[in-house]
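Peer 1: Order-wise, the sequence lines are chains U and A.
Take the first sequence: its position 27, counted from the start at 1, is 27 in my numbering, and no numbers get skipped.
One gets my numbering by counting positions in the second sequence from 1 and adding 1000 to each.
Think of the hints as simulated: they come from the structure by calculation, not from any bench.
These numbers were taken from a predicted model, which means no experiment stands behind them.
Each residue gets a CB set at the ideal place from its N, CA and C atoms; glycine is no exception.
Treat the hints loosely; a few may be bogus.
[Said to hold, decoys possible] Covered, in the sense of this in silico footprint (three residues per stretch, anywhere, with C-beta under 8 Å from a C-beta of chain A), are these stretches of chain U:
id: 1; segment: 44-50
id: 2; segment: 54-64
id: 3; segment: 77-88
id: 4; segment: 97-106
id: 5; segment: 185-191
id: 6; segment: 230-241
id: 7; segment: 283-290
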Amino acid sequence: MTLSPQLPSSPALPEPGFNFAYLDEQTKRSIRRAALKAVAIPGHQIPFSSREMPMSYGWGTGGVQVTASVIGQMDTLKVIDQGADDTTNAVNIRRFFRKVCGINTTERTEEATLIQTRHRIPETPLREGQIMVYQVPMPEPLYFIEPSRTEANKMHALEEYGPVYVRLYEDITRFGHIAMAYDYPVMVNDRYLMKPSPIPRFDNPKLHMNPALQLFGAGREKRIYALPPYTKVKSLDFEDHPFTVETWDQPCEFCGATDTYLDEVVTDDQGSRLWICSDTDYCNQRQQNNHLLTPTLS
Amino acid sequence: MPYVAVKGGEQAIQNAEALLKAKRRGELAVPELSLEQIKQQMQLAVNRVMAEGSLYDPDLAALAIKQSWGDLVEAAFLLRAYRTTLPRLYYSEPVETDRMHIQRRISAIFKDAPGGQKLGPTFDYVHRLLDFKLAAENNQFSVPTTEIVDATEATPRVLNTLVHEGLIGATKSDDPADISPPFDITRQSLSTPTSRDARLQNLARADEGFLLSMAYSTQRGYGKNHPFAGEIRVGEVEVVICPEELGFDVAIADISVTEVQMVNQFKGSKQIPPQFTQGYGLTFGYNERKAMAMALVDRALQAKDLGEAIDGPAQNEEFVLFHSDNIEAQGFVQHLKLPHYIDFQAELNLIRQLRRNYDQAQAEQNGVEQTSPPASDSSASSLGHAPSPHNGDSTQVPNLDHLSPEPHSPSEVPA
Chain U
1 MTLSPQLPSS PALPEPGFNF AYLDEQTKRS IRRAALKAVA IPGHQIPFSS REMPMSYGWG
61 TGGVQVTASV IGQMDTLKVI DQGADDTTNA VNIRRFFRKV CGINTTERTE EATLIQTRHR
121 IPETPLREGQ IMVYQVPMPE PLYFIEPSRT EANKMHALEE YGPVYVRLYE DITRFGHIAM
181 AYDYPVMVND RYLMKPSPIP RFDNPKLHMN PALQLFGAGR EKRIYALPPY TKVKSLDFED
241 HPFTVETWDQ PCEFCGATDT YLDEVVTDDQ GSRLWICSDT DYCNQRQQNN HLLTPTLS
Chain A
1001 MPYVAVKGGE QAIQNAEALL KAKRRGELAV PELSLEQIKQ QMQLAVNRVM AEGSLYDPDL
1061 AALAIKQSWG DLVEAAFLLR AYRTTLPRLY YSEPVETDRM HIQRRISAIF KDAPGGQKLG
1121 PTFDYVHRLL DFKLAAENNQ FSVPTTEIVD ATEATPRVLN TLVHEGLIGA TKSDDPADIS
1181 PPFDITRQSL STPTSRDARL QNLARADEGF LLSMAYSTQR GYGKNHPFAG EIRVGEVEVV
1241 ICPEELGFDV AIADISVTEV QMVNQFKGSK QIPPQFTQGY GLTFGYNERK AMAMALVDRA
1301 LQAKDLGEAI DGPAQNEEFV LFHSDNIEAQ GFVQHLKLPH YIDFQAELNL IRQLRRNYDQ
1361 AQAEQNGVEQ TSPPASDSSA SSLGHAPSPH NGDSTQVPNL DHLSPEPHSP SEVPA
């Protein structure tokens, strides 16, 4: 690993009056038990006794609780939202863990041992030993077909996923392709239907056979699920309508990348737009490398 | 390179917090509220915050109200988040509301009942006229004198009269096998189907407004069950714990509660003879509106156990229990304020593609007869194109399926 020019932010002293990582040890243990169960049954949702956290439900409390229960003093934490380290909610969650853990934080994917994310998987490939924690708003992949969780549980138990395929088929008959842009359902280990959290379809292939441990926490819905390293994850599709991901016509305006997920930025009220990498760390590193390369080329 | 103003920062967050604190304080010339003032003069607000925050501590509730700028849902949220950090040391013994130190007690089903009726402090018969004298300060009001009742004496329940006659269902669990410890919704994840202990806990800390609406809906015919206010009592009860290491009871607090027992009609089923049934409500503090609503909803949720038809939202336990908590609800509704650039970008790409296909199909239909290619377009190569100036009207995506609970979006609710 190369030494980062910007060193990981130095640990502050944890805020007095709170246990390390806010939750008491008993609670952390109960969450880890749920996470272990989840690892044992990839893609299956495990109920856990979610606690009220000092941030609102829907703002990442599931991810925060999972992170709080697995984080240790030696960890280096990265928090992203929409792929960026400097969006308000990412800043806020990172600030929280600095306050209650006094741990190191970083913006660099390869330096992090623990990455909490909302809506993206970093472009930099993850490695063994890293833990990805996803914030999940709606863990139940069947809820748009069957809002009753009692019924949905039965459907999972019986592997009754036909209605989901019917829904995808209906899209194809109407639109010629599957009209689902994000939170695209996947089949895990050939058994459980799982929601990958609202990541774009573009990120789905990164879930498959990923060397990192991937934990999914849904605080309000009180569910944890997991993908152990190197788990088979298949995005739902049909033989004659294979799964595809988005591509863009133009490269990133800042770093020139052509293989990343781009954010569309409206720059004036005349409809002008530019497209930039949503993964700020990846984009910054590429810009720095480009900058270093330029003098030698000219 | 144009400036891209899409990111917020730590400084912005800190400034927002500082601004909030300053705005909350208001003009410095006006004296600051003290916790004691809130605790005493806004007692019903304190009660509501304790109930929905599910923590009985008037001082902390008053602090939460002060800190939340008077937003009671936000105050309850503050209490809940604090509650997370507290260790669970003991479970109390069941609270004996029979032995309540009664401030108010009424029954709507018998003109007089053993123990008597006592109005206590209530808004019920006050003319709701704005009292302009109250706008002035230094108001002095004296407590009217009444005869003092022996507080130590237990007040029998009105409903016992019906119990003696066998006309009201004992609320289950006479079964000795059913003395398992009660469910704890703060330590276990609630899953359906539920049992009554879990339901009552959920309702006890449910949002008052939500419960009120649910209860009201049963009265208007969505799960009708003819309620009567059997007994409402308000007062102080003793909380007792029995630590295993000591082996005897220790009283740890007096708390004020409101208890409601509703009597409801039940025409009977094949297994159960015609009789009255009851709905139960209990809240921290003095909060009759909520306790009554709770009792109505509790009764509505017994529909399944009693073999009644389930046709109102208030009878559907999944619907009621999973949407009753305002801490959860306010968070998820308001999380829509968080950035959603990524899923919106994905949705934008999709809608553009659908729109292109639609326009193409329209053009082919209207245009000269020609061999039309199938509408299918699985290549996603041109997704990123800025759209031709379209005038922000509806994108005319057809309704995907009639089963789907969200009819207008081709994808799911952004989250």
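Peer 1: Tell me, which hint numbers fail for this structure?
Peer 2: 4, 5, 6 and 7
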